[in-house]
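Q: Here is what each chain is made of, one letter per residue.
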Amino acid sequence: MARPALRKVARPAEAGRPRLARLDRDRPLVDAARKDPARFDALYRKYLAQVYNFAVYELGDHHEAEDATERTFLSALAGLARFEERARPEDGPEASTFKIWLFRIARNVVAERRRGRRRRPEAPLDLAVASPAATDVEETVVRREAAAAALRAVDGLSGDRRRAIVLRFVHEMTTAEIAAILGRSEGAVRVLIHRGLRHVAGELGTLDRDRR
Amino acid sequence: MTGGHATRDGENEAFIVDRYLDSLLADRPADVTDVGPELRSAAMALVAGLPRHHPSFRFEEALAARLAGTPAGGAAGELIPFPSPVVVADVADARQVALRPAVIGGVLTSAAISLAGAAYVAWRRNRPAVDPWARAIRAAARRRTA
Numbered sequence: 016m017a018r019p020a021l022r023k024v025a026r027p028a029e030a031g032r033p034r035l036a037r038l039d040r041d042r043p044l045v046d047a048a049r050k051d052p053a054r055f056d057a058l059y060r061k062y063l064a065q066v067y068n069f070a071v072y073e074l075g076d077h078h079e080a081e082d083a084t085e086r087t088f089l090s091a092l093a094g095l096a097r098f099e100e101r102a103r104p105e106d107g108p109e110a111s112t113f114k115i116w117l118f119r120i121a122r123n124v125v126a127e128r129r130r131g132r133r134r135r136p137e138a139p140l141d142l143a144v145a146s147p148a149a150t151d152v153e154e155t156v157v158r159r160e161a162a163a164a165a166l167r168a169v170d171g172l173s174g175d176r177r178r179a180i181v182l183r184f185v186h187e188m189t190t191a192e193i194a195a196i197l198g199r200s201e202g203a204v205r206v207l208i209h210r211g212l213r214h215v216a217g218e219l220g221t222l223d224r225d226r227r
Numbered sequence: 008m009t010g011g012h013a014t015r016d017g018e019n020e021a022f023i024v025d026r027y028l029d030s031l032l033a034d035r036p037a038d039v040t041d042v043g044p045e046l047r048s049a050a051m052a053l054v055a056g057l058p059r060h061h062p063s064f065r066f067e068e069a070l071a072a073r074l075a076g077t078p079a080g081g082a083a084g085e086l087i088p089f090p091s092p093v094v095v096a097d098v099a100d101a102r103q104v105a106l107r108p109a110v111i112g113g114v115l116t117s118a119a120i121s122l123a124g125a126a127y128v129a130w131r132r133n134r135p136a137v138d139p140w141a142r143a144i145r146a147a148a149r150r151r152t153a
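Chains as they are written, first to last, in the working numbering: chain A, 16 to 227; chain B, 8 to 153.
Heads up, some of the hints might be wrong.
Restraint ranges, calculated between C-beta atoms of paired labels, are given here [said to hold, decoys possible]: (1) B:Arg73 to A:Gly75: 21 to 27 Å; (2) B:Thr40 to A:Asn123: 39 to 45 Å; (3) A:Ala53 to B:Pro44: 29 to 35 Å.
Per the computed footprint, the stretches of chain A lying under chain B, defined by three or more beta-carbons under 8 Å from a beta-carbon of chain B, are [what the hints assert, rightly or not]: (4) 72 to 81; (5) 118 to 132; (6) 194 to 200.
For the record, the hints were derived by calculation from the structure and aren't laboratory data.
Please read all numbers here as calculations on a predicted model, not as lab measurements.
All C-beta atoms in this analysis are idealised placements derived from N, C-alpha and C, irrespective of residue type, glycine included.
If we strip away everything but chain A, and leave its shape as in the complex, we get (with noise of 0.2 Å):
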């Protein structure tokens, strides 16, 4: 079968050098905030749940997550006057170098925690799963049984093979901003969550098999 003709995949020469690309739509936000530390509201409430969503995923645990994300919003603001905004014109107008730095931030203060609790067992992500309201009780438990499988393939995935996927799934982050939170490039983004989705795949396969 051919192939469809392909643009050249990025190269190792951005692998030394992670892309923090994108100009900053966040720049009236993040000066307003350097200006007046009080004005830093409007991207703590901007980034709350995202920060947050992420160090559930990190970490299973909801009280833990409130901690990181308490944590790296502290530093956030504490660190503001240190930002440096990376942006090129050539990047558009979309995304955020904020965004970015403040998910490097919480991967910091993750990974912190993750090596303070590493001689207790590792919790499971074992996270509620809610599915959206629905009127047929079967369905409602097929949608669950389906989520939580979907949880636990991810689960089963290791270090940032399973942050590119959920940053990949939950977030919808471009592949160029998984590149730059991770600090790998983005050729080596793409085929981890190539790589991750094949583990899901095969995962809900089987579960599939055994259903039958």
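Position chain B relative to chain A; hints supplied.
A: Here is chain B on its own, set in the frame of chain A:
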């Protein structure tokens, strides 16, 4: 040589899958015949099945107060008549909520709430939400109680 070709093939395949995911997450799934049905199925399961978690409103306000340098709870809201005025949410936000589950502060969104809880939610709803997820979750809650 063979290893190099295998690596390149893997990267190309990953690139094709990435393009497919772009289209899927933009809610315009492309007909990418080079992406196997099992991968497409897994991708859709992840999009629909992985929940989004939102912190509790109590935590949100407490941390907001701390960041503002005020004592936690110092920015308490005033009680407003219930039910509160309805604010129409973005259609795009509503779509996202319809696609996947949402969990607020570790509690299922379908959990029953007390009268005091209802009053708190009413106050909370009346506050403008900057975050699109928060807007979407509130929109979903409104639809459910409508």
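Q: Hint compliance check: list the failing hint numbers for this structure, sorted ascending.
A: Checked against the structure, the hints that fail are numbers 3, 5, 6, while the rest are satisfied.
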